[in-house]
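**Student:** Residue numbers (UniProt numbering), protein chains in the order written: chain A, 1 to 656; chain B, 1 to 656; chain C, 1 to 656.
Keep in mind the hints are simulated off the structure, nothing from the lab.
Keep in mind that this is a model prediction, so the values were computed, not measured.
There are no misleading hints in this set.
A pair counts as met if it fits within one copy or between any two copies, since identical chains are not told apart.
Straight line, CA to CA, 27 Å or less: simulated DSS-like cross-link-like pairs of lysine-lysine:
| no. | residue 1 | residue 2 |
| --- | --- | --- |
| 1 | K245 | K198 |
| 2 | K245 | K512 |
| 3 | K641 | K377 |
| 4 | K526 | K512 |
| 5 | K580 | K526 |
| 6 | K234 | K118 |
| 7 | K579 | K546 |
| 8 | K198 | K164 |
| 9 | K444 | K468 |
| 10 | K587 | K546 |
| 11 | K512 | K579 |
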Amino acid sequence: MKIGVDYYPEQWNRELWNADAVLMAQTGVKLVRMGEFAWSRLEPRDGEFHFEWLDEAIKTFSRYAMGIVLCTPTSCPPMWLYETYPDIIQVGADGNRLQTGIRGHRCLNAPMFLYYAKRITEQLAKRYANNPSIAAWQIDNEIEAYPCTCEVCREQFRDWLIDKHDTIENVNAAFGNIVWSGEYSDVSQIKPPNAYPKAWQNPALCLEFSRFSSDTACRFISDMSQIIKRENPKAKITTNICITKDLPDIYRLCDGLDFTSYDNYPPVRIPENEEEFYSHSFNLDMMRGSNQKNFWVMEQLSGATGSWMPMGPTPRPGQIKGYALQAMAHGADTVIHFRWRTANKGAEMHWHGLIDHSNIPGRRFAEFAELCKIAPKFDVIETTELVSEVAILYSPDNDRAFRIQPQTEGFDYWEQLKCFHAAFSKYGVNVDIISPDADLTKYKAVIAPSMYVYSKNSAENIYRYVIKGGTVVLTARSGVKDPNNNCIMEPLPTVYREMIGAEISEYDPIGKDEQTIVDFAGNEYKCRQWCDILELGTARAYAEYKDCFYGGKPAVTMNRYCSGVAYYVGTICHMDFYKKFAGNIMKQTGIPRLNDLPQGVEVTTRTNGLDDYIFFFNNSERETDINLPKSMYSIIEDKEKNMLRLAPFGMEIVRK
Amino acid sequence: MKIGVDYYPEQWNRELWNADAVLMAQTGVKLVRMGEFAWSRLEPRDGEFHFEWLDEAIKTFSRYAMGIVLCTPTSCPPMWLYETYPDIIQVGADGNRLQTGIRGHRCLNAPMFLYYAKRITEQLAKRYANNPSIAAWQIDNEIEAYPCTCEVCREQFRDWLIDKHDTIENVNAAFGNIVWSGEYSDVSQIKPPNAYPKAWQNPALCLEFSRFSSDTACRFISDMSQIIKRENPKAKITTNICITKDLPDIYRLCDGLDFTSYDNYPPVRIPENEEEFYSHSFNLDMMRGSNQKNFWVMEQLSGATGSWMPMGPTPRPGQIKGYALQAMAHGADTVIHFRWRTANKGAEMHWHGLIDHSNIPGRRFAEFAELCKIAPKFDVIETTELVSEVAILYSPDNDRAFRIQPQTEGFDYWEQLKCFHAAFSKYGVNVDIISPDADLTKYKAVIAPSMYVYSKNSAENIYRYVIKGGTVVLTARSGVKDPNNNCIMEPLPTVYREMIGAEISEYDPIGKDEQTIVDFAGNEYKCRQWCDILELGTARAYAEYKDCFYGGKPAVTMNRYCSGVAYYVGTICHMDFYKKFAGNIMKQTGIPRLNDLPQGVEVTTRTNGLDDYIFFFNNSERETDINLPKSMYSIIEDKEKNMLRLAPFGMEIVRK
Amino acid sequence: MKIGVDYYPEQWNRELWNADAVLMAQTGVKLVRMGEFAWSRLEPRDGEFHFEWLDEAIKTFSRYAMGIVLCTPTSCPPMWLYETYPDIIQVGADGNRLQTGIRGHRCLNAPMFLYYAKRITEQLAKRYANNPSIAAWQIDNEIEAYPCTCEVCREQFRDWLIDKHDTIENVNAAFGNIVWSGEYSDVSQIKPPNAYPKAWQNPALCLEFSRFSSDTACRFISDMSQIIKRENPKAKITTNICITKDLPDIYRLCDGLDFTSYDNYPPVRIPENEEEFYSHSFNLDMMRGSNQKNFWVMEQLSGATGSWMPMGPTPRPGQIKGYALQAMAHGADTVIHFRWRTANKGAEMHWHGLIDHSNIPGRRFAEFAELCKIAPKFDVIETTELVSEVAILYSPDNDRAFRIQPQTEGFDYWEQLKCFHAAFSKYGVNVDIISPDADLTKYKAVIAPSMYVYSKNSAENIYRYVIKGGTVVLTARSGVKDPNNNCIMEPLPTVYREMIGAEISEYDPIGKDEQTIVDFAGNEYKCRQWCDILELGTARAYAEYKDCFYGGKPAVTMNRYCSGVAYYVGTICHMDFYKKFAGNIMKQTGIPRLNDLPQGVEVTTRTNGLDDYIFFFNNSERETDINLPKSMYSIIEDKEKNMLRLAPFGMEIVRK
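Only chain A is shown next, with the shape it has when bound in the complex (with noise of 0.2 Å):
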């Protein structure tokens, strides 16, 4: 596993530049990312290039045997590019122009900016693309798919809606536009939908502008990488994810990338209650998942976060150093602290890196270098891959629908997503969130939380699956809508109905209400959210609502259809039947399951197919102790093992 370290060389004096390379590199970083935010200093008047003080920094760190991750630095651009064309700038979903003097606030369609972040893209790809020190490439920096609403986003937006359905007519109806007498008599009449008032808007509309805010930011991404490519084919690219409510379509994003990169803040402060829970491991499954590849990860917690907003805790003894091998125990081969040193200027300053702005390296500093030690040690996994026989689908289309359309108070399209990756997790096997599209055959259990937006693709793919043995688990609100957001005249959960060999006759949204079930051994659970009231046609209950008018009433039920099994959970439950549901399907599945693992206790495995090493996480602030089946050899200790003592956010790595 690499080590790297962001580094800012245009905030720091150059005789801070060689002292922090000496000290990287007695520390052991291997790695250097640097200029995303860097463009007025490269090219500080409209077409005058300075190149020498880059240069001169990959020199300086590259000197000490550090490869450098350069970034492309399209998400700042210079005041006088602001100067020269002011819509260049995003305007707000309330219509009012964003100012100058943060960050990612340039609009991706604006002509303008794209002549120039063109160009200074071709200007760094020309100088460095075949520079050896250059280790990767990230392009721009925290893509977001941001619902501008400029003149220039208005017009392509419809092209790109004519481009999609053909006719203004096609657009009228699959917007349902008849509704309130809003049919289009002409293009110019169609406006992004995040004006005002904030109500009111319509669904398919709404739909359709998040699918082209993130076509946009996928295509600006992709554009500039070809730029790069151009000059050396070999070069290798990425772009650094960030989760935010704005995030593009993650698999169209990294499709043509040659990795995914993540920028990876796990919480600080653990919660004691196990519902509130959720290991940032579903985020690296995620960021694996998203191009099914081992992945980067750009940006690591180094210490309290706040900006803008108040200070966090800073990070507890081993946090530092745990969360990076986290990190590798779902795929990333390297992993890049954010930042060496804290910014002591600008709205960051408060965003912690690995030394304070002291510049006295302390007790996190420690514990990173302590990381670096150990790191050439794993350099035999980084030739491994995670192989699991349990995935969860996550599909952008129904994350973004249901954004616009909340079901019903409380309910939340991730927390679904993540009880069911904490419910399998906890049995310490390996879970892939992948695409609705992915090849499904390899896996014994796929679960489909909310197939809500009806895709031809991803529905063929998962009765493909299906048809040929896999065991699928669908829950409420699947098959609910057509691909331009509206509901399907059909009884629910329409195309997957003969699937789970049962329909919905009603559904009842509680919100905060709760209900119970029951399931087939008699344990009762609380549910809440949503309650769909299914009719069996071939499928049995797996669970009943045990009150209200749908007392008796099957809530979950389980159907095999040809050579598969297919589930279908129509309420929203807590961890104690997701772990108990997940357990069941193992079995059913025969999926091999570590029982009794203490709490907070992660477990995954990477292989290369001869060897298999086995991460133990302790992602809890309690020492813990596991007991091994038998004697395995520790990577970290390099000694056999019979029991493994974990540290809180204590990592054990063995060879099985």
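On the provided structure of chain A, position chains B and C as indicated by the hints.
**Tutor:** Showing chains B and C alone in chain A's frame:
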């Protein structure tokens, strides 16, 4: 009683029309409402009218002996109209123009909107006003007194003010503009008070603007109504009222209309705590009181509600039928359910109709069918009306004024009205909600809560009533403001002092704090929000404060005035007080009471002068029994009964 | 002590003036403040001045030997001025111009506003500056450092920055603009940071803009003051301070003024929980400290408050009189009540004066009359002042900086100051709140909480004080920022390290979490928000952390430095700690303490060098007794007393 449904022919394929009509006819549907959102199909291009489809729709349903309620479509102008005249859209309080694609967003003062609205209304009137299938007309949809601040509204508001006050000097005096050197030297300086920042606004200006907005809405409805009357003076015309914070003056709104209609969405979740529980019957009584006649329900709860907001729970068994019958118990002669089938497209696709997206009739439809089946039994009831001995005065002007200046934390004008309504309702009597200017002579007791803004008519009306022997209850915050919303320089309750025989020496706006009052019989009650400290003149104390520096001072008084009695309740209490107090008022005035009604059971009586029909409605989730004093004839079950067993939301109607 | 009232002759019929003056004279009122909102009557049209009515008003009241406090009316320009120059109104943070019809909304940098403001001030000065009835002048009203973003303010802010930093390069360096490529290439690119979106702002830019806004307010007051001084150099001039989030730098504001005045609205609701309770005396001490002299109260609580916000409770018996005397106990020589009679019109009609809308004097007026009656007894006190041995440093610059970057959830600069103030106050000593640049030599102990932004003057002042034998208490977040609001590259607390003999190896921003500290005597206290982890140099530990990874590390230290002592409190505690800590400081520095004062009782002392007058104020709702160590002479009751029985909000003053 006639049962109907809301139907949107323009939203469905024509193949469905006939199938729907057949099912409606089988089910017993008697009325179909249509047209309120169909402008873009009636006039797809400027001046190009297409009525053939509407002709056919009307024919399709009237063929099965169903009457048509035809709506004018002015709530949703078509896109081509916005394109030509973008300034026909409202401008919000913050100065931003609303966007298209929603509903109810046209400015009711915009000249070009009015031109087109009149034309389409005229076209519809000419074609259908004498069509015998048209049972009634609905003007526009859920009209609101929306505070539009567009340039036209500003101008018209200025004219409205000068019309009313004659000179700019009078406006300055009425607004007290001298206070902050805000005296207008030119009429152009007058601006609606809805701008920026929200606070600091002059309450006199705010009240006038709110009255202007209400007048705008009322005038629009009246003008459109006249257009139809011109074609057929016997046309039955209404507009459907939806209770929102921008409710126009309901008395003025209904004044020129043939009948009142109401969009009735009672709550699905019934609060357990009696304190939180206000029956939706308050609203129904208010609708009957809007013009003191029986009314229609134009939209009736039919399924789970939700749209841009999350969905709520689905109606409980009994609610579809029970809430429709509850409306009848309070004076509805027609109940039209919203809507036949849930929309599959558009922003309101989660606002459920009787039939789900699937088009498979289910549990709720079955209950609706039952309702239709028994409806013919109520034909005898159609000629009856509610006669009440108790009235509560609702004043739109006070309602507005309290929104402008919330008196204290928690103070809520409607809550106070609803407390009194619930208190009397618990004794099984009819209660009217009427205008302070309505004829009071027929009532034995009149509750006049918080008569805040002085109206000469209302005050004289109340005085006349008491002088001739009536019993009135006044409450805190009466007589505070002159008609311009300024404070009166007299001891409170100013004009009402003489009548109540007491005056207020001081008040304590306690907000969320609590005090205690003790009534003449020694009962203690908590009180809240406001404490008037009274000095007795001719009055006697009904209750006194227990603590604080006004311990021992009267809080509630009773005064014999001329031939009548005037109570004054100087504080806000909880239901325990109001129930006891209502009981005492009824005892004093000789209104017969039903004691010991089970919680949630509502009893009202409709009469035709000969026969009395008593309605027993169980507005709760618990089955309950009522023992009748003697055997009575059940209209629903067609037999004599001594005991009524009411299912949850069950209704029994007996002839006395 | 002089008692006065605020009066608005322009709001009342002239018939009332004389009646009011007679009642004031009978009651014992000595001062009448007027004029601050009367511009539209003083200059109803451009250049047309009407002073006759003001002449008459002044005559009416001075006839009864009352002095006049005359206010300049620049807080509310007349409408005709806005009509001619609409851009004299402020532009809010979101870029929208405020509307007319409110107050305090003029832009203090708008050239045409300044032209007219100077002219009306000049006119008033020429006419009244030498009128012997004028006791004092008030400039404007409740001036705020409002962050106006209008075009003029933008331009002036740019000039202000260049004046201060010389070159655009220096501004770029000071703001760290390189961080996000935000380097200005032209001065026109500089924009106030209050725009859209709210977050992501550069803290260096924010602090400079906040300083600029404060400077704007201070300069305006100073300029207007000069105009009056030009006519009469002996005129006594002030401006009334209102504590809001946009408070200007009070030291700079009061610098050129003859005395400080304050709008004093202590809370009517007294919290039961000691933790929540901060006496309003903190604000009074701060006003005295603004220029280290006695001060006036220009507006004093007289009734229930409320306006656009709901009304709060009416003052409890004793509060009208008691809070006025509390102000005297902290250095007020004059208390003017807001207002004589409650406004019947305008936005503030619910902000109650001494007399209610009814114009019938009531309970509150009677208490005010009592106050007036005893006021002459305090004439001897007018020549006295408070001498303190403890000072707390309040820094406007730190106040601002902490608003810009809230350190952690719950962190509140003012709360910390108030905790220390309350802790010392509980021992019955005078406490000064002063500038970090004030002369400290006269204090035995100086509390310097969170000296966040470095100021050379302040740091040297504190060092000088300790070197010469003073005792100082520094606390967490000291020495963090350089004068540009950037972090200093040195171990914390940077410049104060040497003095405290310790340094901070790490900190933990725990926010709402809690930790525990144990002092040298074994007492445990909960701490919160922030934990500095200290390494001792020459210092000793006063308290250590108990748990977490820094258990056993010092949290509070004590260091002998030269002839003095420097404490450092590296965390935020609750009152239990501060009270004990203050007691220890007082013991160490030899400040005499009154132990066992009942909760809520405040004791201060005023002296003229010969006689000491001790004030005992019961700031609680419970009667309480104080046994004096020896018999003393009660100024209020004119007799010797051994025991003081204090009613709720009661005051006793004894001569020692």
